[in-house]
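Could you put the whole structure together from the sequences, leaning on the hints where they help?
With the numbering used here, letter number 30 in the sequence shown gets 30, and the count goes up by one each step, no holes.
I should point out that these hints are in silico values taken from the structure, not numbers from a laboratory.
Watch out, some of these pointers could steer you wrong.
As the list claims (entries may be wrong) - Distance windows between CB atoms, simulated:
1) Val82 <-> Ser174: 45 to 53 Å
2) Arg118 <-> Arg198: 17 to 25 Å
3) Glu47 <-> Thr19: 17 to 25 Å
4) Pro94 <-> Asn45: 14 to 22 Å
5) Val167 <-> Glu54: 38 to 46 Å
6) Leu12 <-> Val82: 36 to 44 Å
7) Leu194 <-> Asn45: 43 to 51 Å
8) Glu196 <-> Arg118: 17 to 25 Å
Unchecked claim - The calculated DSBU-like cross-link candidates involving lysine-lysine, where the alpha carbons are at most 35 Å apart (straight line), are:
9) Lys119 <-> Lys129
10) Lys193 <-> Lys97
11) Lys124 <-> Lys193
12) Lys124 <-> Lys203
13) Lys22 <-> Lys119
14) Lys133 <-> Lys97
Bear in mind the structure is a predicted one, so any value in this text is a computation, not a measurement.
C-beta: ideal position from N, C-alpha, C; glycine also.
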Amino acid sequence: ARLRELFPGVRLFSMYGLTECKRCTYLPPEELDRRPGSVGIAIPNTEAIVVDDEGNRVPPGVAGELVIRGPHVMQGYWRNDVATEQMLRPGPHPWEKRLHTGDLFRTDEDGFLYFVGRKDDIIKTRGEKVAPKEVETVLHAHPGIVEAVVTGVPDPVLGHAIAALVVLSDETLSERDIIRYCAVHLEDFMVPKLIEFRRELPKTDT
1 ARLRELFPGV RLFSMYGLTE CKRCTYLPPE ELDRRPGSVG IAIPNTEAIV
51 VDDEGNRVPP GVAGELVIRG PHVMQGYWRN DVATEQMLRP GPHPWEKRLH
101 TGDLFRTDED GFLYFVGRKD DIIKTRGEKV APKEVETVLH AHPGIVEAVV
151 TGVPDPVLGH AIAALVVLSD ETLSERDIIR YCAVHLEDFM VPKLIEFRRE
201 LPKTDT
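The following block contains the structure:
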């Protein structure tokens, strides 16, 4: 919204891509306000679908791995057959490969894509899969929380328990307050079981 105020005559496109396939999706400018957070739909001559661990397309609203098929997908990694086989896997036709991005997405009912998180960041708890980013987004929306990061910690019953490290602007907030807040906005299995308060979170130079 701020960019559009600064450059009123410019049409802005939100896009998604990765090194192995530079541009995969785009969100038309007229959809920016209607679908906040979306990276749109596949660019022309490209297929972008969300699949489960068996490679089957998942229904709208369900998170799965984004798979790309199109002429601009890379041919492979230089002298790295193992990595190439992990990323490029057989598609519906014997002569083609599909790019498995390792990124988790979900779609809405109209097929617009929303980033959920990295597949290798997923926390498995109570037989469910939780993307830390989804929990962090809810925590960051709380006016009394400045920063938050979510991780999984080993638990003998749950497999892993959801733990949140938070920096507060409102020092009166308690662990119970935050858990109750999350319970309103998240599925039960996504609610953090552990809350740890920090004065600041460690950061890299970048």
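Structure-based check of all given hints:
1. Val82 <-> Ser174: 45 to 53 Å: holds, 49 Å
2. Arg118 <-> Arg198: 17 to 25 Å: holds, 23 Å
3. Glu47 <-> Thr19: 17 to 25 Å: Holds: the Cβ-Cβ distance is about 19 Å, inside 17 to 25 Å.
4. Pro94 <-> Asn45: 14 to 22 Å: holds, 20 Å
5. Val167 <-> Glu54: 38 to 46 Å: holds, 40 Å
6. Leu12 <-> Val82: 36 to 44 Å: Because 39 Å falls inside the window, the suggested range holds.
7. Leu194 <-> Asn45: 43 to 51 Å: At roughly 47 Å between Cβ atoms, Asn45 and Leu194 fall inside 43 to 51 Å, so the hint holds.
8. Glu196 <-> Arg118: 17 to 25 Å: holds, 23 Å
9. Lys119 <-> Lys129: holds, 10 Å
10. Lys193 <-> Lys97: Violated: Lys193 and Lys97 sit about 41 Å apart, past 35 Å.
11. Lys124 <-> Lys193: holds, 14 Å
12. Lys124 <-> Lys203: Holds, at about 25 Å.
13. Lys22 <-> Lys119: Holds. Lys22 to Lys119 sits at ~19 Å (cutoff 35 Å).
14. Lys133 <-> Lys97: holds, 29 Å
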